[in-house]
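Peer 1: Protein chains in written order, with the numbering used here: chain Y, 1 to 304; chain Z, 1 to 332; chain X, 1 to 398.
Keep in mind that the hints were calculated from the coordinates and are not lab data.
One thing to keep in mind: the hints can contain errors.
[As the list claims (entries may be wrong)] Per label pair, the in silico range of CB-to-CB distance:
hint, chain 1, residue 1, chain 2, residue 2, range
1, Y, G286, X, E77, 52 to 62 Å
2, Y, R104, Z, S291, 31 to 41 Å
3, Z, S291, X, Q81, 26 to 36 Å
4, Z, V111, X, A45, 44 to 54 Å
5, X, A387, Y, T140, 20 to 30 Å
Ideal Cβ positions, reconstructed from N, Cα and C, are used throughout, including at glycine.
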Amino acid sequence: MMATFFQQLVNGLSIGSVYALIALGYTMVYGVLRLINFAHSEVFMMGAFSGYYSALMLGFDPAHPAEFGLLRAALVLAVSMIACALLGLLIERLAYRPLRSARRLTPLITAIGVSILLQNLGILFFGANPRPFPMIVPETRYEVGGVVLTNIKLLIFAVSAVLMVVLHWLVQKTWTGKAMRAVSVNLSAAKLMGINANKVIAFTFVVGSALAATGGILFGLDQAKIEPLMGVLVGLKAFVAAVLGGIGNTMGAAAGGLLIGVAEQMTAGYLSADYRDAITFAILIGVLLVRPEGLFGSSKIEKV
Amino acid sequence: MLMWLKRGAMAVVILGVFYGLGRALEDNVIEYVLRIVLFCGINSILAVGLNLINGTTGQFSIGHAGFMAVGAYTTAYTVMHLSEALFPGQAELALGQTALVFVPALVLGAVAAAFAGWVVGVPSLRLRGDYLAIVTLGFGEIIRLIYNNSSRFGGATGYSGGRPLGLPIYTNFFWVASVGLLVVVLIGNLTYSSYGRALEAIRDDEIAAEAAGIPTTKLKVLAFVVSAATAGIAGGLFAHLQSTIQPNDFKFDKSIDMVVMIIVGGLGSVSGAVLGAFFVGITLELTRDLSEYRLISYALLLILLMLFRPEGMLGTRELRIPFVNRSKIGPA
Amino acid sequence: MKPPPLRSRKLSRPLTLLLGLWLAAGLLGALGTLTGCKQRPDENATGPIVVGAYLSMTGSMATFGESSKRGAVIAVEEANQRGGVLGRKIELVVLDDQGRAEEVGNAVLRLIDVNGAVAIMGEVASTLSLVAGRIAQRRKIPMVSPSSTNTAVTQIGDYVFRVCFLDPFQGYAMAKFAREKLKISRVAILKDVRNDYSLGLADAFEKAFKRLGGSIVGIESYSAGDTEFSAQLTKLKPSLPEGLYVPGYYTEVGGIARQARRLGIKAPLMGGDGWESPELRNIGGADIVGSYYSNHFASDQPTPRATQFIAAYRAKYNEAAPALAALGYDATLAIIDAIRRAGSTHPKAVRDALATTKELDAVTGKLTLDANRNPVKPAVVVRVTEAGEVFEAEVPPE
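Model the full assembly from the supplied sequences, consistent with the hints where possible.
Peer 2: As structure tokens, this is what we get:
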């Protein structure tokens, strides 16, 4: 009984950590641009696929996964993060920057367009079929008190925690982070203070996309399969996590991700698997109606 | 009194023309093409309705597929049970009998969708901009998931009315054209009336409108409910063009299709919505042969449109709308 | 603050013109197909006889569609090499339905109205066959499904046929295998609620397994597209099942196997023909090895006729022939054979000939269609190994 509960909890925290990584990207971009970057879920997907291809190019052999080594695995992660950072930059430069002064609706639709475009480019180049993800970290299973853990789940916890600490340090303790916070409070005032808004926004996309790429690789390792449409549902849930935590708030995004992961797993485990997705939307609606600024956000008064 | 008689006579004539045209098309045009035309017509109804809330009132809703679903399921369910009740055991119905079953079913579908619109609208319309968009998205998906888990309506595998041949195919040119014209006329008149002007005021500056004495919340909810009802009617027509309706027919993709229609046509323009609907319907079919490249071109089109011509084909201008006073449509 | 008005940037005029022209082109194109249509192709014509196929060539079930199409292509090529039928060549027109019910209608109508198909072949997924079958029945064009196993499909009407076994039988076959060969009595079921096929099989298996003296210790469900099954599996684990029946598609089964083994569930998995794909082993890896599924034929226990087909498939496509390809072949063969026996391309005549198909030498066995337009055939059970599937047993019809 208790073992089952802890099992569901562990699994929930594991998937929740992936949601958290992706949610951070959503929340940071919304913070600086007030834009819901629908295409972010596809950056996550591209992260998984760039991991796939870089692993193969670095000589991964599915018959002998253990020979790949930790160094090359780390390289795969680095390559994927860089690739997605570039993708994020490209999207920002081509699709969002020209619309910076347009009314809010326009870039929202554009974001949806980019999302659909990337999904279908993925289908075109990678094929719609799911494919097995190279186990660059071979999976070993442990059992602790009736609860099954794997080294990959531990890796997910560790990597996400480290990245979130790094991000927190970045946003709170560095000059760039300060600039990011300034831009998210008031873009025009920040520009008047001498902050190069374009550079800051670009940087935000780079960081967010790199985090999404990491999420993609971790997700691929955990699920062992990837496909071009994998970002759709995962991205949506990560987005809800960002809203739950308070969109624009990095700590909130992390907390939101874990909460959504656990809620989803518990619902599937104790209520019914059919409601797994519905619970996420129910949480979304609940949050927006009861406390739209999220758990950690602050409500803004609209001045006329 | 005389005016109403004149209007009544005109309505009968128009219905007769549509009926005749419908029969002529059915006899001379291949079903494949006619079906596409019908889909474009249903799209138009969806677009015109959505335009009222997104375009005219400026409240961004991206979950309207949910209301279409409510209308579709309610109409189908009503049709199956009503035809059993009124004409038990009869497989095929004559036109008069069809009307007796279909019209109340469509009305009920619209009412159900309007109710759903009210339930969603009242709490959601307190939010602005992006938040409203996300909430409507969430509600749209929840409605779909409710149908997905409902065994009465066939769950994930869909509702086909429990008959081997599926839902009866009532939707034809006559119904789509008649209902379509009705919807366009009603919404056109609404848009270019004092209510419409108030809605536009809400779009342009909600706080100023409130300060000027416009009951913004009431009107927003009204527009939302009306647009949900039209989506419901479109859903009902849709249901009786297919033999089955499934929750998968009403995914987020459908909501996005509707949004694309009104943006391509021109956000805020009623005739633009119809143009956009036809455009999307025809494009999706013409590009069928492109297979993998189809959705890629669709997405590229959307992005290019937003970058270079966000006001779509007509912007806020109008072509002639039948039965709407031309003089009321002011300058763009 | 008032939002900035939508302003068009450069290229506005040309773009509007372009959009307008596009719309006009579309309408003209539509009108263009009006001319000369509304007449069915003449029975006494001399051009090629069109056999239509509507399959999922894109979308998540693209492998199923591709396999079925390949089988059909071989059938048509062989027939044309022998001089065609009624002195005319056969032309296979394949349209993609993207695996979506909404598109199926368009694809089928196009095959009937624009391509003038004499008969149509499709689909794999029962949900899609139901939609198409209703249109085919209404338009009185015979339809033969290669691999839709849900009972409701041929119940639509007398113009709908199939060449594969039905789900009630498939579920029974696995239940019998589990009881008699695996000798297990406690099975849990994990089914896909998005899928008629999966629900039908789960239901059939449950009924048969109980009838044969076994017990079902738990039933959970998932949705096609899910990647997380640990919640459901964690729920099933405490009842200690000796077998896990997962009648879904290969896309999820691989992941289910991994997560089940990860949670410590050691019981073998069992499934249906939806498992068949090279991706099954790619995704499931070592965790799916040792599991079983029911299928239409086993490529390592072939009859001479099957050997011939397997060789032809390998020569053309350089890989082992999946069962779906064999069924695609058989469905198309049945249509071609019916046209020959009918001596005409009139849909009614073809339909009548199809209904009397008897002992047709098909790849998956001698094909005879019964009064409900379903074939009477055995099922095979195969076991998954590292290298491929191996034949385990044949289950004859009840």
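Peer 1: Which earlier hints turn out false for this structure, listed by number in ascending order?
Peer 2: none
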